[in-house]
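Asks: Below are the chains, spelled out letter by letter.
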Amino acid sequence: MEAVVNCAAYSQGRRVANIGINDVNQALKQPDKFVWIGLHEPGEEVLKEVQQEFELHDLAIEDAHRAHQRPKFEAYGDILFIVLRTAQRNYLQHRVDFGHLLGKGPGFALYAVMDSIVDQYFPVIDALEEELENLEEKIFAEQSRRETTIEIYELKRELMEVKRAVSPLIEICNRLMRFDLKVIPEDTRPYFRDIYDHVIRINEMVDNARELLSTALDANFSLISISQNEVSKRFAGWAAIVGVPTMIAGIYGMNFKFMPELNWSYGYPVILALTLGSCVLLYLLFKRSGWL
Amino acid sequence: MEAVVNCAAYSQGRRVANIGINDVNQALKQPDKFVWIGLHEPGEEVLKEVQQEFELHDLAIEDAHRAHQRPKFEAYGDILFIVLRTAQRNYLQHRVDFGHLLGKGPGFALYAVMDSIVDQYFPVIDALEEELENLEEKIFAEQSRRETTIEIYELKRELMEVKRAVSPLIEICNRLMRFDLKVIPEDTRPYFRDIYDHVIRINEMVDNARELLSTALDANFSLISISQNEVSKRFAGWAAIVGVPTMIAGIYGMNFKFMPELNWSYGYPVILALTLGSCVLLYLLFKRSGWL
Amino acid sequence: MEAVVNCAAYSQGRRVANIGINDVNQALKQPDKFVWIGLHEPGEEVLKEVQQEFELHDLAIEDAHRAHQRPKFEAYGDILFIVLRTAQRNYLQHRVDFGHLLGKGPGFALYAVMDSIVDQYFPVIDALEEELENLEEKIFAEQSRRETTIEIYELKRELMEVKRAVSPLIEICNRLMRFDLKVIPEDTRPYFRDIYDHVIRINEMVDNARELLSTALDANFSLISISQNEVSKRFAGWAAIVGVPTMIAGIYGMNFKFMPELNWSYGYPVILALTLGSCVLLYLLFKRSGWL
Amino acid sequence: MEAVVNCAAYSQGRRVANIGINDVNQALKQPDKFVWIGLHEPGEEVLKEVQQEFELHDLAIEDAHRAHQRPKFEAYGDILFIVLRTAQRNYLQHRVDFGHLLGKGPGFALYAVMDSIVDQYFPVIDALEEELENLEEKIFAEQSRRETTIEIYELKRELMEVKRAVSPLIEICNRLMRFDLKVIPEDTRPYFRDIYDHVIRINEMVDNARELLSTALDANFSLISISQNEVSKRFAGWAAIVGVPTMIAGIYGMNFKFMPELNWSYGYPVILALTLGSCVLLYLLFKRSGWL
Amino acid sequence: MEAVVNCAAYSQGRRVANIGINDVNQALKQPDKFVWIGLHEPGEEVLKEVQQEFELHDLAIEDAHRAHQRPKFEAYGDILFIVLRTAQRNYLQHRVDFGHLLGKGPGFALYAVMDSIVDQYFPVIDALEEELENLEEKIFAEQSRRETTIEIYELKRELMEVKRAVSPLIEICNRLMRFDLKVIPEDTRPYFRDIYDHVIRINEMVDNARELLSTALDANFSLISISQNEVSKRFAGWAAIVGVPTMIAGIYGMNFKFMPELNWSYGYPVILALTLGSCVLLYLLFKRSGWL
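For the protein sequence lines, the chains are A, B, C, D and E, in the order given.
Mapping to the numbering used here: the first sequence position 13 is 14, numbers consecutive.
Mapping to the numbering used here: the second sequence position 111 is 112, numbers consecutive.
Mapping to the numbering used here: the third sequence position 1 is 2, numbers consecutive.
Mapping to the numbering used here: the fourth sequence position 99 is 100, numbers consecutive.
Mapping to the numbering used here: the fifth sequence position 197 is 198, numbers consecutive.
Read the hints as simulated data drawn from the structure, not as lab findings.
Heads up, a few of these hints could be off.
Heads up, the list lumps identical chains together, so a pair's fine if it works in one copy or across two of them.
Stated by the list, open to error - 20 Å max Cα-Cα, derived EDC-like pairs, lysine to aspartate or glutamate:
(1) LYS258 with GLU132
(2) LYS258 with GLU63
(3) LYS288 with GLU231
(4) LYS234 with GLU148
(5) LYS34 with GLU152
From just these sequences and the hints, can you work out the full model?
Replies: Here's what the structure looks like:
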């Protein structure tokens with residue numbers, strides 16, 4: 002794939018011409034004309050050329066070069082420099098045709114790009130919310146498993162990743178809506194307010210999921226303890242049911258010379274019945290109090 | 002049910018006429034007249050017609066179409082676009098007769114609609130608070146059950162749902178109170194401040210319930226641990242009471258040739274009494290120290 | 002008790018006359034005169050009369066009627082409408098004589114009422130802090146009991162109740178101090194700042210108590226776990242001391258034909274001594290390592 | 002100790018005279034003169050006199066009387082009323098000689114007093130941080146003890162005490178730095194900014210310690226659980242090592258007529274060896290899996 | 002190492018001369034000239050000299066002397082006093098050559114120093130994040146060890162240390178960007194905004210790591226409990242498998258005269274088989290329910 006994916010001049014709503022990068026500066030000098038350039042992992046040389054043609058600030062180029070991790074808004078005089086991050090989860094290679102939008106001028110083109118990127122976050126968050134619901138089911142199912150806890154942690158990590166990508170957008174939208182920027186005409190403002198509204202919603206969804214997740218971690222923990230409780234109770238119950246016959250048998254296993262019961266004809270069956278009876282009694286007792 | 006539930010023009014406090022949607026624009030041109038339209042799940046066509054008649058912004062129609070999840074306030078020039086969410090729990094199909102209110106002008110009509118929607122949240126929150134109190138009783142009752150923890154989590158989820166619906170109303174009310182909006186005359190401001198006051202109260206109630214709920218989750222957890230403690234103690238106590246006779250019986254079950262006790266006439270009853278005595282002693286000891 | 006507890010006109014620092022409610026409007030028209038009315042659970046009629054005489058806003062009457070739960074400040078033109086909540090715990094029926102204060106004008110009278118209500122919160126919070134200290138003692142005492150956890154939760158509930166009553170006062174004081182209100186003359190401002198200062202302190206005390214309480218809940222939980230630990234250790238220790246003799250006795254209870262020890266004259270006492278010795282050894286071992 | 006510790010007039014950098022309280026008002030009327038008064042637990046009378054001489058506000062005297070718990074800043078016209086709290090822990094009775102500072106005027110004298118009080122907090126916080134480090138060592142040492150948890154709680158309490166004393170100072174410094182106060186000349190502002198800087202640092206240190214402490218409480222709790230885990234494992238291991246011989250011995254203690262092993266000459270030693278062997282095997286198994 | 006590492010005058014982008022400290026004041030009087038001084042642990046004397054030459058404020062010198070712990074920004078008239086902290090972890094003795102930057106004037110020199118210091122934090126935080134990932138692996142591995150909890154705590158401590166060093170930089174950058182400072186010319190502002198952007202990112206990374214760490218502590222705790230659960234279950238299972246044969250053997254060890262089974266020829270093998278069978282059955286049962 003070439004570094005320069007696209008380079009075209011637009012004027013009064015129509016694409017005028019595909020141009021070379023070194024013709025950009027000239028094209029920009031004509032009123033009502035604007036230029037769209039698409040770059041894909043551009044090398045240092047290409048960036049330098051772009052910088053010269055658009056008269057960009059050194060720091061803007063430096064940031065573009067470093068594949069900046071955090072969304073950013075910067076105004077160098079009349080030039081707006083905006084860094085955005087596309088949603089990474091279940092990313093679909095979808096081609097947005099900005100052609101007709103570009104005709105409405107650079108402000109509207111900026112809107113179109115931002116809107117498309119921000120809207121990509123909705124399916125990502127829907128997927129994360131669905132995962133949260135799956136986790137809830139696992140947590141509330143009987144067995145507490147190590148994997149569930151680990152998955153809770155992983156989901157938390159992903160949510161914070163999304164948060165980090167989305168939260169700076171609030172301020173970027175704010176600046177685009179408020180400041181008197183030459184590039185953003187009055188009538189495109191509602192569009193940026195619309196993006197702002199979407200960004201706020203995404204942020205709320207992420208924060209919501211985070212809070213629910215932390216409650217889920219606590220609930221998970223409570224359920225682990227309850228199941229520990231149940232294990233202890235069940236063990237105690239069966240230990241009693243096994244322990245009592247052992248004790249009784251031990252007593253009649255003593256070697257005293259004078260133990261009248263031992264000589265009774267029905268001593269053995271009576272004791273056996275008694276033992277069995279006490280076991281059944283214990284079983285019923287524990288059953289009733291919920292220990293078994 | 003038809004898409005257009007209601008469409009009428011009002012003038013100077015009285016309903017002037019039921020009109021068709023395509024007469025709206027004309028009706029609006031007359032001073033002191035305003036129009037009320039009720040739509041029920043309108044299709045694309047109806048929305049398009051409404052848009053043309055009211056000269057609405059594209060984004061407003063788009064939002065209406067998408068059944069927007071989050072309360073929203075937007076001013077497109079002189080037009081206010083407001084999205085609200087009705088309370089969903091124990092929803093009662095109650096018909097509000099706005100007729101006489103509409104007469105006081107569009108600002109007051111807006112107040113009436115918002116007031117009615119906001120007031121629907123109070124019974125919802127009352128129900129949630131009652132559920133919290135039920136949960137408290139379950140938590141503080143003897144048995145710790147899995148269901149209680151799950152119900153705590155579910156309640157948390159519902160509270161956050163309500164929070165999400167109500168919290169954006171604070172800002173919406175703020176804008177209606179503060180901004181110099183042509184549609185909101187000076188003397189209806191106290192009414193919007195009244196709604197604002199209700200919204201603040203609902204928010205406080207939700208936050209309150211959330212904080213209590215999280216403390217309840219912690220308390221629940223403490224009680225589970227205490228009950229685990231009690232299980233362990235009770236088990237330990239009974240294990241001792243069963244274990245000591247087993248040990249004594251084992252000793253007198255040994256096959257040594259010379260064990261004087263075995264030949265005593267009262268060896269058996271004495272040992273039995275001794276064993277029983279030690280069991281009683283242990284029982285009392287554990288009872289006193291609270292283990293049984 | 003009658004609905005109208007008190008109704009008097011004041012002028013230049015002295016009570017001029019007890020008047021009927023329907024003379025209020027007239028009395029208010031005279032300069033430098035103001036009127037104090039005390040109502041006790043007033044019915045709809047009385048409220049209506051009061052409204053007419055003072056020319057109050059519909060919403061103010063509605064709020065008064067509904068026994069509003071949340072402190073509130075509202076300015077309807079020149080009229081200030083303020084809702085306050087008295088402290089509920091250990092409430093003492095104390096009669097405040099506002100007579101001499103009323104002479105200084107309505108602004109000062111408002112100060113006197115607010116000051117009296119706010120100061121009632123201090124003993125309430127002192128009582129809650131004392132309860133917290135009692136709880137601490139219970140938590141740090143040896144036995145962990147269900148009741149302690151429940152009391153922690155109840156205290157939390159009460160603290161949040163107080164918080165809800167007090168926190169809106171901060172904004173109310175702020176408005177009384179800042180806004181240019183005709184009814185609050187310049188020289189009474191320091192008095193409202195004084196109330197503000199008290200309210201801030203009450204809020205801080207409540208927040209403090211809440212944070213300590215949540216730490217107390219955590220500490221309580223740690224101590225429960227430690228005591229669970231101790232139970233397990235002590236049980237393990239005693240199980241060993243009982244289990245080892247049982248095992249030894251079992252071995253010498255076997256019925257092999259050729260077991261030389263069984264025929265020794267001193268077999269029994271030697272084994273008994275050995276068994277006892279191992280029990281003592283185990284006891285000392287566990288004692289030293291802190292398990293018993 | 003007398004109530005009036007110190008009372009002197011200063012002019013142009015030098016102490017002019019020791020004066021009586023009732024000469025204060027006169028002294029203050031001369032330009033460039035200011036008066037320093039030190040009071041120690043003053044009675045109502047002395048305070049009244051001071052009030053008259055300095056023309057102080059009633060509320061200022063009331064606050065001074067009540068030994069106000071919370072740092073406070075209040076401006077009554079030209080008069081600044083400031084309440085500060087000295088650090089209470091390891092309080093050293095140190096005498097600050099303000100003599101030479103007083104010469105630079107009342108603004109600088111205020112700085113000197115505040116600076117001295119604020120700097121007293123540093124050793125207090127250093128001591129608390131040291132205590133936190135001691136606690137960490139105790140927590141991470143092998144044994145989990147009740148006392149450690151209690152000490153964590155006590156430290157939390159102390160930190161919140163300090164926080165309560167220090168945090169209002171931020172706003173007090175802010176006001177002294179920002180507002181156009183006659184008493185604080187332009188060139189003393191950097192000095193108050195310096196105090197502000199110290200106060201911010203103290204606050205940060207306290208917040209830091211609080212957050213670490215809460216993590217320490219959690220870590221403490223994790224370690225308690227791990228040690229509970231170890232107790233359970235060790236108990237299980239030894240129970241197996243004691244339980245298996247008991248079971249084998251039980252089997253050969255049965256009284257069946259036909260048990261060939263019982264009549265073998267080497268039956269006893271073979272079974273003994275087998276039993277011992279299985280114990281050693283179990284021991285090694287548990288050792289390898291970390292249970293013993 | 003000498004106290005004065007470097008002392009040179011710059012003019013119009015070139016180093017003019019190495020000068021002595023006592024020539025600084027004179028050099029500064031020439032327009033377009035500025036002076037760079039590097040000090041290494043300077044003594045009181047050197048600082049005094051520097052103060053005189055640069056006409057610095059007393060408090061600036063005091064702060065420099067005390068090796069101030071917290072980043073700080075202070076403007077004394079035209080003089081900016083800035084304290085920064087270099088990153089301490091894996092500190093590399095790297096020499097930054099500011100020579101060519103100094104030529105662009107003091108504002109740019111300040112940028113260069115700050116940028117270099119701030120960029121040193123990135124590798125530190127990368128190292129901490131890597132450590133967090135190592136910890137995650139340890140937490141999610143089978144064995145829960147005391148060391149893991151302790152390491153979590155230590156990492157928390159380090160993160161808070163970094164936070165303390167970095168968070169004040171936000172405000173420092175803010176002031177450098179916003180205020181109309183003579184020393185910071187208009188065209189260097191974007192550079193300070195770039196540092197601001199880096200500082201925000203570092204802060205976000207630290208906050209992120211802190212939140213993940215606290216979730217990791219909770220997850221760690223959940224896993225400890227689950228493993229406690231597993232220990233209990235496994236113990237209960239094996240106790241049953243050992244306890245049942247012991248009980249059966251005990252019964253046939255009783256000494257009753259009339260126990261028909263004892264006289265059967267196949268009594269012993271039948272019972273042995275039965276016992277073994279029940280053990281196998283129990284084993285399979287526990288295996289299926291996940292207790293073994």
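Asks: Could you run down the list of hints and mark each one as holding or not?
Replies: Status of each hint after checking the structure:
In the homo-oligomer, the alpha carbons of LYS258 and GLU132 never lie at most 20 Å apart, since the shortest distance is 72 Å inside one protomer and 66 Å across protomers. Within a single copy, LYS258 and GLU63 get their C-alpha atoms no closer than 100 Å, and across copies no closer than 93 Å, so neither meets the 20 Å cut-off. Taking the shortest Cα distances, LYS288 and GLU231 sit within 20 Å of each other both inside one copy (12 Å) and across copies (18 Å). Proximity of LYS234 and GLU148 under a CA criterion of 20 Å is satisfied inter-copy only: 18 Å between copies versus 25 Å inside one chain copy.
For the homomeric pair LYS34 and GLU152, neither the shortest alpha-carbon distance inside one copy (52 Å) nor that between copies (60 Å) is at most 20 Å.
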